[in-house]
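**Student:** Given the sequences, and given the hints that come with them, work out the whole structure.
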Amino acid sequence: MNSILTALDCCFKIIHALNLQYPYESLPVWMFIQKGFYKMETLWDTEYVCVNSLLSDLSIIESSQHNNCAEINCNRSFHLINSFKKHLATHIINEPPILLKPPNTDSVNKSSLSPDSSNNPCTSNNMDIPTPLTSSIIDTELNDCLLEENYASKLLASLYSNPQIPRNVVQTVVNDMTSIFDNIHHTLQRRVSKLLSNVPVNCTQQFIPMRHVLQNFFKLKNVLTDTLEYMNKCRLYNSVLMNFTQGSVWQEKLKSYQSQIVLPIFLFFDDYEIGNPLESHSGIHKLGAVYMSIPCLPPHRQSSLSNIFLALLFHSSDRQKFGNNVIFRPLINELNFLRTTGIDFDLVNFKGNIKFDLGLIIGDNLGIHSITGFVESFSSNYPCRMCRSNKFEIKKQCYADTSLLRNLEQYHLDVVENNISNSGIKEACVGVDIMHDLLEGVCKYDMSFLLLYYTQHLQLFSLQTFNERLVCFNYGPDKRNKPSVLHIEHIQKNTIRLSASEMMSLTRSFSLIIGDFIPKNDCVWELYILLRQILDLLTSSILQIECSELLQTLVAEHHDLYMKYSKFDLKPKYHYMVHYHTMIKKFGPLISMWSMRFEAKHRISKISANTSSNRRNICKTLAIKHQLQLNDIFIRATLSNEI
Numbered sequence: 001m002n003s004i005l006t007a008l009d010c011c012f013k014i015i016h017a018l019n020l021q022y023p024y025e026s027l028p029v030w031m032f033i034q035k036g037f038y039k040m041e042t043l044w045d046t047e048y049v050c051v052n053s054l055l056s057d058l059s060i061i062e063s064s065q066h067n068n069c070a071e072i073n074c075n076r077s078f079h080l081i082n083s084f085k086k087h088l089a090t091h092i093i094n095e096p097p098i099l100l101k102p103p104n105t106d107s108v109n110k111s112s113l114s115p116d117s118s119n120n121p122c123t124s125n126n127m128d129i130p131t132p133l134t135s136s137i138i139d140t141e142l143n144d145c146l147l148e149e150n151y152a153s154k155l156l157a158s159l160y161s162n163p164q165i166p167r168n169v170v171q172t173v174v175n176d177m178t179s180i181f182d183n184i185h186h187t188l189q190r191r192v193s194k195l196l197s198n199v200p201v202n203c204t205q206q207f208i209p210m211r212h213v214l215q216n217f218f219k220l221k222n223v224l225t226d227t228l229e230y231m232n233k234c235r236l237y238n239s240v241l242m243n244f245t246q247g248s249v250w251q252e253k254l255k256s257y258q259s260q261i262v263l264p265i266f267l268f269f270d271d272y273e274i275g276n277p278l279e280s281h282s283g284i285h286k287l288g289a290v291y292m293s294i295p296c297l298p299p300h301r302q303s304s305l306s307n308i309f310l311a312l313l314f315h316s317s318d319r320q321k322f323g324n325n326v327i328f329r330p331l332i333n334e335l336n337f338l339r340t341t342g343i344d345f346d347l348v349n350f351k352g353n354i355k356f357d358l359g360l361i362i363g364d365n366l367g368i369h370s371i372t373g374f375v376e377s378f379s380s381n382y383p384c385r386m387c388r389s390n391k392f393e394i395k396k397q398c399y400a401d402t403s404l405l406r407n408l409e410q411y412h413l414d415v416v417e418n419n420i421s422n423s424g425i426k427e428a429c430v431g432v433d434i435m436h437d438l439l440e441g442v443c444k445y446d447m448s449f450l451l452l453y454y455t456q457h458l459q460l461f462s463l464q465t466f467n468e469r470l471v472c473f474n475y476g477p478d479k480r481n482k483p484s485v486l487h488i489e490h491i492q493k494n495t496i497r498l499s500a501s502e503m504m505s506l507t508r509s510f511s512l513i514i515g516d517f518i519p520k521n522d523c524v525w526e527l528y529i530l531l532r533q534i535l536d537l538l539t540s541s542i543l544q545i546e547c548s549e550l551l552q553t554l555v556a557e558h559h560d561l562y563m564k565y566s567k568f569d570l571k572p573k574y575h576y577m578v579h580y581h582t583m584i585k586k587f588g589p590l591i592s593m594w595s596m597r598f599e600a601k602h603r604i605s606k607i608s609a610n611t612s613s614n615r616r617n618i619c620k621t622l623a624i625k626h627q628l629q630l631n632d633i634f635i636r637a638t639l640s641n642e643i
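Residue numbers (the numbering used here): 1 to 643.
Please keep in mind that the hints were generated in silico from the structure rather than gathered at the bench. Backbone N, C-alpha and C fix where the C-beta goes; we use that ideal spot for every residue, glycine too. You can trust all of the hints, since none of them are fake.
Label pairs and their calculated CB-CB ranges:
1. V192 x L156: 25 to 31 Å
2. L156 x L80: 39 to 45 Å
3. Q251 x P519: 45 to 51 Å
Computed cross-link-like contacts, DSSO-like style, restricted to lysine-lysine with a CA-CA straight-line distance of at most 27 Å:
4. K395 x K493
5. K567 x K396
6. K391 x K493
7. K395 x K564
8. K564 x K396
9. K585 x K253
10. K620 x K606
11. K255 x K586
12. K396 x K573
13. K573 x K395
14. K520 x K564
15. K395 x K571
16. K573 x K482
17. K255 x K233
18. K221 x K625
19. K219 x K355
20. K221 x K355
21. K286 x K606
22. K573 x K391
23. K13 x K86
24. K391 x K564
25. K571 x K586
26. K286 x K573
27. K219 x K625
28. K585 x K391
29. K219 x K351
**Tutor:** Here is the structure:
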């Protein structure tokens, strides 16, 4: 041997190769070498992982004045430790010691030592005492191992003691049995490894084929006949707008279908949180939902939540990871099937084929921008999806610039150019939403300015007086949407915390609540009058065609007064309103495309999610629940008249 370390390494490897036990008198030293240098450990090891631990144990042994032999029928006592060690070597150990080397060296695992003193027992002079649970586990495994060795020893002893069996035959049997047990061991190990191995989990979404939903829906009693009669009724009215099918966009689509029956469908996309958005796990279970509705249903059917169907449900994080093309591909294929092939009906009152074409993609501004490929930031260079006005122009714009309006040809050119900063479009994939633009945007900004102007600038009344009247006011049919009291810190930040329906009730009732405080001919009050007129026009279900021109004038005057008296620039939601008059001509009354009823559909999924404590594959759980509710309607074979 070249050195002591080489000899030590050779001895250590021989001990483990031959499956030998450490000498009892030098057990602390060998355990320290095993764990400290070779970084190996077993369930039978002691904790000699550092020098302090080793010396501590050795010092305990050296410090004893009398060392008594604990062997059976031996009561000798030794004062010198060397004499005691020599005496122990003379004994034949009939039973294995408490600390044993495991019979199979394959079970030895490598582990890294942590330098952190807080996790290392080296800093203590006393050895760690195993917990009762750990000791019981070690004892159980040790007893099982000893029991197996005992059985094997008895079998071999019986075979070797038989005078009719030669020793070479016994050795052949042992070798063959060893091979059998090795094969069994490898088979079990392979099967257990499969169970313990990391299995990849597929990212899935829940898609519901709309062809089956529409076919069963229009089979319900009088649904298809009532829908076709309502569409024929809308065609007779040329001077008023009452449905999406009267708009110029749908009329242009019908030209490609000639005499075929085609019904429009709307898609609504939005992200929502099924749990508490303020808790620590918010965002983990944020889902993206795509709903489908039929805008040509009779008015008393359109507002029912049971007539809004779930088409696609997925985790919002998956859309950010895989992109729109992957997530919405099955939905796009389904829309193409409904547009080209359609659905065959064989009913009592109707027999034939009906096609369905996408009329609009609706939702809040962020949802529409994300699903149609526009940039998802409203502080970008081109934040508007209707025109190419830049972010500096829209701050002062009261009228829409027709020369900057987007069209299909320009949209494709922008997609090919692939320059977000110059177009506002980030990928290939338009409607507006008065709920988010007006009720959750412009109304909150205007009402915040008016309240601050009258309570702090003119001091006509206090916020406390306004809140008292707000609580005591009789809202009549809108009592279910009664607004809560307002706080000055929210008003100053233009973040009045009211829902869209509560803000609509407040805007409509504002003049009746504090109108007696306002002096006649107050110029700022004209801003509220214009806002109220705009709100009445946009929430009307029937409009004369000329109302679109009136709306354009009202919006321009409103924006001009807001900039004049508030000294603020126009935000993007103000800019979207300058396109409303053209949207009415294209799509009919804008109230038929707002998000109010679709977002109410989220509540059903939230209730189902809260009643279930399981969050594993929550999309599938909610999709199945939605389809079970739809199945109940189809089994009853009739629609309820409740909204």
